[in-house]
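Student: The chain contents come next:
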Amino acid sequence: MRRLAGFYILAAGVALLPVFFPDNYFITVVGVTAGIHVILAVSLNLLMGYAGQISLGHAAFFGIGAYTSAILSARYGWNPWLAMLTGLLLTGVIAYFIARPILRLKGHYLAMATLGFGIIINIVLVQNGQLTGGPDGLGDIPSLTIFGWEVDSDLHWYGVIGVAMLAVIWLSLNIIDSRSGRALRALHGSEVAAEMMGINTTTTKTGVFVLAALIASFAGSLFSHQQGFVSPGSFSFFFSIELVTMVVLGGMASTYGAVFGAIVLTFLPELLVVFEDYEVMIFGAILMLTMIFLPQGIFVGLRNLAYKLRKKNATPDSIAGKEQNRGTA
Amino acid sequence: MALLEVKDLTKAFGGVTAIADLHFKVPENKVYSVIGPNGAGKTTLFNMLSGIYHPDEGSIRFLDQEIIGKEPHAVAEMGLSRTFQNLQMFFNMTVLDNVLVGCHLRTHSGLFSAAFRLPSVIREERVARQWAEEALAFCGLEEYSRQHADALPYGVLKRIEIARALAVQPKLLLMDEPAAGLNDTETLEMRSLIRRISESGITVLLVEHNMGLVMQVSDRILVLDYGSRLAEGTPEEIQNNPQVIEAYLGGEVQYAV
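Here the protein sequences come in this chain order: D and L.
Residues in the first sequence are numbered consecutively from 1, following this note's numbering.
Residues in the second sequence are numbered consecutively from 1001, following this note's numbering.
These aren't lab readings, by the way, just hints derived from the structure by calculation.
Certain hints may be false.
Said to hold, decoys possible - Short derived list, chain L residues pointing at chain D, Cβ under 7 Å:
id, residue
1, 1073
2, 1076
3, 1091
4, 1092
5, 1104
6, 1105
7, 1109
8, 1114
9, 1115
10, 1117
Ideal placement from N, C-alpha and C gives every residue a C-beta, glycine not left out.
Sequences and hints are given; from them, build the entire structure.
Tutor: And the structure:
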């Protein structure tokens, strides 16, 4: 129960918000986008935050999922669920085959290679006009139907994305706090020591890369059906960078940090609209100030600060329990 | 029977021969030490034994199986574990989690069952936690269990590395300079820890510069000089070996035995 306390609070928040604010643009429209961003950031955080393998091409897998769903359901009339499954399969195969050569690289070189992959996928989306609609995108994508119930309003989509997002967060929290999750974190801590403890670092890296890609593909399929329209711009290099920023801004190696980062980076531009021309400047300044003053990320930085303050007024025992949670969530 | 048998082992980096034609046997249930001046090839030897480097020539047989060509994780699976001269902690984890990583090979739940936190995972976690706590207690580290590794003093980290390696339940434990950087009290604790590890049935292969410690805990000692075998024998034989005194100890022999 205590292990997932943060998760239950989050789930309650997601469930209650539309009760108090039905038909609020920020909840049912921006909120849905935020939910998709949360799924993507949590998946990237598994790869980047926990396993320490940077990717500047995560948007590519989001795009593969979105376009597979879009093409199969809009052009060929497939059932959206079958299209989604095909997208997952395709993503899994592609991710598996590029993972081995790419994950031999480290640091800047890995960043470059994933960046290149992201750009290639984006070019494929733009150039194959007959299939993808080219730069103009692809429309008329049908909505999802769940056991005969059609998801046809903003509020419905809020529910679907909300459940999907909570499921992904729950899976991520479970994985991190397990044998597999420890193997990921060990990989980040010291690759050679991880090997000496019997962890096959090559298969572990491949595994987490494929898993993160699959989750991104799932988010892409949802995005496709929710928007009803896709275009290559949504899956560009810039979006990959934005995803990395979400993870770093919230705090690396923290699932809640990724959730926080994704929500902040989705809502902030919306809220800054009132500043009109200065919007982008203020946005950039906020990012810079965060990294200067809270280099561990907003969420993780503030949480550690709270622990420090509490440590001063608490008994050693109660801190010990908190310390335990600090590493995993 | 020899637990570990090294034959004709050679490794060169570019033009520099780090290990030349080395042979030795580590008997079971003993503490076997490798000494030699800095640059004698001790860490290179350890890296070959654990599968991190691949030698140019020779054979390394562990439990009558060839190690050469195996990846470190496969060597670990055979029952060989090690600590590192320059700490290789998982600083991003708690002490308990560090040692739980050591239980990796003794547990089996995969990604899928972990993601859905099936009952089998919860059961296994409970057992693994118990194992990890036992390893921590063996090294006298219970009090640090829930702390973060990045906030602990060097001497404690050295022992956490040992606890983590013990959690693997190895048959052979390679210890790379466990007493380096420790103060006198900590060195004494390390001595008793090495003895207890040996008494628990684990064969220890030790690289160490603290001669007092080496002479006290070792059953046999191998002396390396420029990557070659200079001498081998019991601590007493080594202390009285004129070649060793000449080449390594520089004529002045004073042990704090």
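Student: Hints first: check each against the structure and report whether it holds.
Tutor: Hint by hint, here is what the structure shows:
| no. | hint | in the structure |
| --- | --- | --- |
| 1 | 1073 | 5 Å, holds |
| 2 | 1076 | 4 Å, holds |
| 3 | 1091 | 6 Å, holds |
| 4 | 1092 | 5 Å, holds |
| 5 | 1104 | 5 Å, holds |
| 6 | 1105 | 4 Å, holds |
| 7 | 1109 | 5 Å, holds |
| 8 | 1114 | 4 Å, holds |
| 9 | 1115 | 5 Å, holds |
| 10 | 1117 | 5 Å, holds |
In terms of the numbered hints stated before, the structure departs from none.
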